[in-house]
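Line order of the protein sequences matches chains A and B. When we follow the working numbering, the leftmost residue of the first sequence carries the number 1, and every step to the right adds one. When we follow the working numbering, the leftmost residue of the second sequence carries the number 239, and every step to the right adds one.
Keep in mind that the hints were calculated from the coordinates and are not lab data. It cannot be assumed that every hint is accurate.
[Claimed, not checked] EDC-like mimics (lysine to aspartate or glutamate), calculated; alpha carbons at most 20 Å apart, straight line:
1) 233(A) - 146(A)
2) 281(B) - 146(A)
3) 281(B) - 48(A)
4) 153(A) - 272(B)
5) 9(A) - 225(A)
6) 233(A) - 272(B)
7) 153(A) - 277(B)
8) 153(A) - 276(B)
9) 233(A) - 277(B)
[Said to hold, decoys possible] Residues from chain B that face chain A, not an exhaustive set, calculated with beta carbons under 7 Å:
10) 243
11) 249
12) 252
13) 260
14) 271
15) 272
Glycine included, C-beta positions come from ideal geometry on N, C-alpha and C.
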Amino acid sequence: MHIYANPLKFLSIARPLTPWLALGGLLLAILGGYAGLVLTPPDYLQGETVRILYVHVPAAWLGMGGWLALAIAGIVQLVWRHPLAGIAARAIALPGMVFCALCLVTGSIWGRPTWGTWWEWDGRMTSMLVLLFLYLGFIAIANAGEERGSVSKVAAIYAIVGAINLPIINRSVVWWNSLHQGPSITLRGSTIDSAILWPLWLTLGGFSLLFGAIVLMRMRAIIADVRSEARLKRLAAR
Amino acid sequence: MSGQLAYVAAAYGLTIAATLAVTGWSWWTMRVAERRADDVRRK
Numbered sequence: 001m002h003i004y005a006n007p008l009k010f011l012s013i014a015r016p017l018t019p020w021l022a023l024g025g026l027l028l029a030i031l032g033g034y035a036g037l038v039l040t041p042p043d044y045l046q047g048e049t050v051r052i053l054y055v056h057v058p059a060a061w062l063g064m065g066g067w068l069a070l071a072i073a074g075i076v077q078l079v080w081r082h083p084l085a086g087i088a089a090r091a092i093a094l095p096g097m098v099f100c101a102l103c104l105v106t107g108s109i110w111g112r113p114t115w116g117t118w119w120e121w122d123g124r125m126t127s128m129l130v131l132l133f134l135y136l137g138f139i140a141i142a143n144a145g146e147e148r149g150s151v152s153k154v155a156a157i158y159a160i161v162g163a164i165n166l167p168i169i170n171r172s173v174v175w176w177n178s179l180h181q182g183p184s185i186t187l188r189g190s191t192i193d194s195a196i197l198w199p200l201w202l203t204l205g206g207f208s209l210l211f212g213a214i215v216l217m218r219m220r221a222i223i224a225d226v227r228s229e230a231r232l233k234r235l236a237a238r
Numbered sequence: 239m240s241g242q243l244a245y246v247a248a249a250y251g252l253t254i255a256a257t258l259a260v261t262g263w264s265w266w267t268m269r270v271a272e273r274r275a276d277d278v279r280r281k
């Protein structure tokens, strides 16, 4: 892992990888979105609104996955002092927050015609809202620190402690009575019919690749800013 | 049916707009930062 601690080594991989992730992600997301809108049948109970699944589930996956990545970056920063871990955490926070917000909004849009309400203070929705506030808190703490490019130890610890919310979100529909349906996709299989399920894998893959491209772009921007500042300081000191 | 499709359109529209916005913003800030870094390096 420390091979990639050198930003130059990281950039030699990130530069060619970024367009591939972005274009591949865009292609898969468009294909999955088109299939979800046009090629799949409406659900026998939910009707057309089931199509919201194809954007809601990837948003939920990336909102939660983004925080898991933040927590891992926090551990890597604190334990191994990897110089890119703080940069990665700073880069992940914004897209993670955006997809978390998208999950809440698209879920609310789905809830109105399906449940008859935009919002319900049940375990799943409330814990997801807590995750959004955790993201806002992380961004505020990261920006308040004096570390250029990286994040403070406090932010790294905050990311690790905040990860306690992830199993709560995941198990909320099992632990408490909820309007939200139980887990549909588990390691043991899926309760969703294959005729409706397959485009979901395309949008999940597509949005995940796009998320990766966004994180790489943001990491490259942070590294470039840090290098510019360091160079300008050296020039000013002459 | 058409009422349901309006909700679907709203969800897709918001997702596409937000995803393109965060992707475009990230790409633009990367371009600006890397160009500035190149300019500074040449000084």
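Straight-line alpha-carbon gap residue 233(A) to residue 272(B), limit 20 Å
17 Å, holds
Hint validity - residue 252(B) Cβ closer than 7 Å to any chain A Cβ:
6 Å, holds
Would the pair residue 233(A) and residue 277(B) pass a check requiring their Cα atoms to be no farther apart than 20 Å?
14 Å, holds
Does the alpha-carbon distance linking residue 153(A) and residue 276(B) stay inside the 20 Å limit?
Outside the cut-off at roughly 31 Å; violated.
Does residue 260(B) pass the interface hint, meaning its C-beta sits closer than 7 Å to a C-beta of chain A?
5 Å, holds
Within 20 Å, alpha carbon to alpha carbon, are residue 9(A) and residue 225(A)?
17 Å, holds
Proposed proximity, residue 146(A) with residue 281(B) (alpha carbon, max 20 Å)
26 Å, violated
Restraint status (C-alpha distance of residue 281(B) to residue 48(A) at most 20 Å)
Not OK: residue 281(B) and residue 48(A) at ~59 Å, beyond 20 Å, violated.
Answer holds if the nearest beta-carbon of chain A is closer than 7 Å to that of residue 243(B); otherwise answer violated.
5 Å, holds
Given the hinted pair residue 233(A) and residue 146(A), is their Cα-Cα distance within 20 Å?
16 Å, holds
Is residue 153(A) close enough to residue 277(B), meaning Cα to Cα at most 20 Å?
Outside the cut-off at roughly 32 Å; violated.
With the threshold set at 20 Å, check whether the alpha-carbon distance from residue 153(A) to residue 272(B) stays at or below it.
27 Å, violated
The structure fails hints 2, 3, 4, 7, 8 (numbered hints given earlier, in ascending order).
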